[in-house]
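Based on the provided sequences and hints, a complete structural model is requested.
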Amino acid sequence: MKYLLTLLLAITLAGCQNSQFQPQDIPAAGPYRHDDTGIVFPTTAGIFLRTQIMRFDERARHIMVGYNSELIAQPVVFTAYVYPVPQVSSIGSPADVIAAARHQLVLNHQQQQKQEILAFHKTGTLVGEQPATLDYRGQAITGLRADFEFVEPFAGEVQPIRSSLYLFELGDSLLKFRVSAPASVDSEAAVKAMIEGIAGSAGR
2 MKYLLTLLLA ITLAGCQNSQ FQPQDIPAAG PYRHDDTGIV FPTTAGIFLR TQIMRFDERA
62 RHIMVGYNSE LIAQPVVFTA YVYPVPQVSS IGSPADVIAA ARHQLVLNHQ QQQKQEILAF
122 HKTGTLVGEQ PATLDYRGQA ITGLRADFEF VEPFAGEVQP IRSSLYLFEL GDSLLKFRVS
182 APASVDSEAA VKAMIEGIAG SAGR
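So the sequence shown is residues 2 to 205, counted in the numbering used here.
Misleading hints may appear alongside valid ones.
[As the list claims (entries may be wrong)] In silico DSSO-like pairs for lysine-lysine, Cα to Cα no more than 30 Å straight-line:
| hint | residue 1 | residue 2 |
| --- | --- | --- |
| 1 | 177 | 193 |
| 2 | 123 | 193 |
| 3 | 115 | 177 |
| 4 | 123 | 177 |
Read the hints as simulated data drawn from the structure, not as lab findings.
Below you can see the structure in the form of structure tokens.
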């Protein structure tokens, strides 16, 4: 317990540090590869067209890649994020204690992500939560899928929106997807293919 308390304190202090880096666009005419994960983000895939790539640190370990559907009848906004797993600072702690602290940190991050979505979308409700599986470099990675509903302007009109959060831990990086579309639009197949394609692009 002593080790765990020390680690959690170190984690809390590390989370209080503010980065001075200003977000920047990453110009890329073709597919863009994220070095830490090997994931490649294509310019187009299925119904989606890449609209923006941004980095939030000097080495581009933390990036955001935005996509929009090219189909007027099937409007979907798809955003991918890759960023480092929150670091655990250990001072001679056993490996199992470090692993437990890191796991707890990821669980806390999942809760924080859901709370931030609900705080931003005032009409939002969490309507479902379940494990999600991702094939990454030949391994089945289990993560989180959380589904939300809210009523907001989208595609030129105020309407019910279905929005999903996907979050996966890939070694030292986290892979997150945010997907939003009108509740009347069936985007499951297109989104599933997009997520599988992005994860599968990393190879082995």
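Comparing the hints with the structure gives:
Taking the CA atoms of residue 177 and residue 193, the gap is near 14 Å; set against the 30 Å cutoff, the hint holds. With a C-alpha separation of about 27 Å, the suggested pair residue 123 and residue 193 falls inside the 30 Å cut-off, and the hint holds. As the CA atoms of residue 115 and residue 177 are separated by approximately 12 Å, the hinted pair is consistent with the 30 Å bound. At most 30 Å may separate the alpha-carbon atoms for a hinted pair to count; residue 123 and residue 177 meet this at roughly 22 Å.
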